[in-house]
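S.K.: These protein sequences, in sequence, are chains V and U. Using our numbering, the letters of the first sequence map in sequence onto residues 1 to 264. Using our numbering, the letters of the second sequence map in sequence onto residues 1 to 270.
These are calculated hints, taken from the structure and not from any lab test. Heads up, some of the hints might be wrong.
[Said to hold, decoys possible] Among chain V residues calculated to face chain U with C-beta under 7 Å, some are:
| hint | residue |
| --- | --- |
| 1 | 180 |
| 2 | 182 |
| 3 | 185 |
Glycine is no exception: its CB is placed at the ideal position from the N, C-alpha and C atoms.
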Amino acid sequence: MSERVFRVWRGSGDGGGLAEYRVEVNEGEVVLDVLHRLQATQTPDLAVRWNCKAGKCGSCSVEINGHPRLSCMTRMSVFEPDEVVTVTPMRTFPVVRDLVCDVSYNYQKAREIPSFAPDPAKKPGDFRMQQVDVERMQEFRKCIECFLCNNVCHVIRDHEENKEHFSGPRYLMRVAELEMHPEDTADRRLIAQDEFGMGYCNITKCCSEVCPEGIRITDNALIPLKERVADRKYDPLVWLGSKIGRRPKDTPPVPNVGRYSNRT
Amino acid sequence: MSPTDSTRLPTSRARIPQRTLRTDRWWLGPILTTLGLATFVIYATLRVFQQDHYWVQEHHYLTPFYSPCIALQCDPDAALLGRLPVEFPPLFPYALVSLPILLLFRLTCYYYRKAYYRSIWQAPTACAVREPHRTYTGETRPLMLGQNGHRYFFYAAFVITGINTWDMLIAFFHGTDGGFGIGLGNVIMLVNVIMLWGYTLSCHSCRHVFGGRLNSFGRNPVRYWMWSRISTLNHRHMLFGWFSIATLMITDAYIALIASGTIDDLRILN
Numbered sequence: 001m002s003e004r005v006f007r008v009w010r011g012s013g014d015g016g017g018l019a020e021y022r023v024e025v026n027e028g029e030v031v032l033d034v035l036h037r038l039q040a041t042q043t044p045d046l047a048v049r050w051n052c053k054a055g056k057c058g059s060c061s062v063e064i065n066g067h068p069r070l071s072c073m074t075r076m077s078v079f080e081p082d083e084v085v086t087v088t089p090m091r092t093f094p095v096v097r098d099l100v101c102d103v104s105y106n107y108q109k110a111r112e113i114p115s116f117a118p119d120p121a122k123k124p125g126d127f128r129m130q131q132v133d134v135e136r137m138q139e140f141r142k143c144i145e146c147f148l149c150n151n152v153c154h155v156i157r158d159h160e161e162n163k164e165h166f167s168g169p170r171y172l173m174r175v176a177e178l179e180m181h182p183e184d185t186a187d188r189r190l191i192a193q194d195e196f197g198m199g200y201c202n203i204t205k206c207c208s209e210v211c212p213e214g215i216r217i218t219d220n221a222l223i224p225l226k227e228r229v230a231d232r233k234y235d236p237l238v239w240l241g242s243k244i245g246r247r248p249k250d251t252p253p254v255p256n257v258g259r260y261s262n263r264t
Numbered sequence: 001m002s003p004t005d006s007t008r009l010p011t012s013r014a015r016i017p018q019r020t021l022r023t024d025r026w027w028l029g030p031i032l033t034t035l036g037l038a039t040f041v042i043y044a045t046l047r048v049f050q051q052d053h054y055w056v057q058e059h060h061y062l063t064p065f066y067s068p069c070i071a072l073q074c075d076p077d078a079a080l081l082g083r084l085p086v087e088f089p090p091l092f093p094y095a096l097v098s099l100p101i102l103l104l105f106r107l108t109c110y111y112y113r114k115a116y117y118r119s120i121w122q123a124p125t126a127c128a129v130r131e132p133h134r135t136y137t138g139e140t141r142p143l144m145l146g147q148n149g150h151r152y153f154f155y156a157a158f159v160i161t162g163i164n165t166w167d168m169l170i171a172f173f174h175g176t177d178g179g180f181g182i183g184l185g186n187v188i189m190l191v192n193v194i195m196l197w198g199y200t201l202s203c204h205s206c207r208h209v210f211g212g213r214l215n216s217f218g219r220n221p222v223r224y225w226m227w228s229r230i231s232t233l234n235h236r237h238m239l240f241g242w243f244s245i246a247t248l249m250i251t252d253a254y255i256a257l258i259a260s261g262t263i264d265d266l267r268i269l270n
């Protein structure tokens, strides 16, 4: 057992600051354990969102010493014995209170993505997918929606005005997943660029660096999606080839969500 | 507090004045990247415009910075694809065709984009470090749309790497007494070509062209096989990127030292 200094951001959208606490830390504990001890012993009104404490629910996303991380998966042993641990809420989303953010931006972006569009002629049970095709998309399905990738992405973290036009790595990954799906008949390349803001991504890979599931978001989703957008919008040879061959229809934006919410 | 107040969603972020609260050396990576890129750019610029010490006649060593050599001043044996009927003025690169392509191939490369966006353009300097720019439009503006042409530079770089491979192979058949021979220069050129192929084949556009653009791998097993092999290389794209610019400089420097008579080639066999 040892005593550590924790600085925790306390406040709301109206204002706040870092409050310092001295708190007991035991061997094997994670940051979330220490936050719970603070709640139990010193500051019962500290707001912390958490659920599974096993790195699978994605609820306890915070920033620890400036790094976007899950507090339940950050062991205290990663810090130097005399290191001050600073815990702040995610910077990209509005703060409800203390370490709890309102992440509804992400749910809004999720609703804007046109859903899976299989061939209507196919009946349930008719799909036959090879394991290699399943594996390609299952990597993206590991996402626990902790939103650390969207939080760290500088496109919206440092430029809030881009939120309307940019869905963030998490939802561009979802668009990529559907675009690569062998049974999806839609062409999502145009909306990936025009509606979800693929062009804003400058592939600096911070999303991949912070992903607690180790999903290679940039290499396996964002760059392949950028290449597909280039096929559709910027490559004259591919464009010519698609004119000669059959091309799936472009997917229209989802009506009644996002910037289309005024449309009927 | 009224029920409306309690259900109202917050709109303001936590106001944290510090640019970052990171306590690690996040600035070290961008500094090293800038130094590495600057070293290569300065060295390559000086050598490309030097117009000398690029060819070792005895062992047919041609530096990659002058391949393919197309100026009238090029040594006839060094001009694999022939020479143009005009003399290049001073400060005009002899490899006028390949150098701009290779430069653009690296400039539009997905790894180098990350490297210079972070370390030079500082968008962002490091993860979770506030960038200094007031606005950001990414790669949406006309000037930046050229980044989408990376695949065309890949196609061209593929051909140029083939030419570099030919240059490397030819040199093995020019030993000191004629015929097959191996010198340190051959080994350096071989390592350089391996690194160049590693970098070219691990390219994200290459991965897309060979299989990534398919929606069904199951129906295209050969392309899936190629895609998976390229994916293995692609994991090391950054590594190949740095190693290849290092081997380019080492190969060029070694050949320049021999060509200028500063050192002799260390011969291992013939």
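S.K.: Where does the structure disagree with the numbered hints, that is, which hint numbers, in rising order?
M.R.: Violated hint (a single one): 3; every other hint is consistent with the structure.
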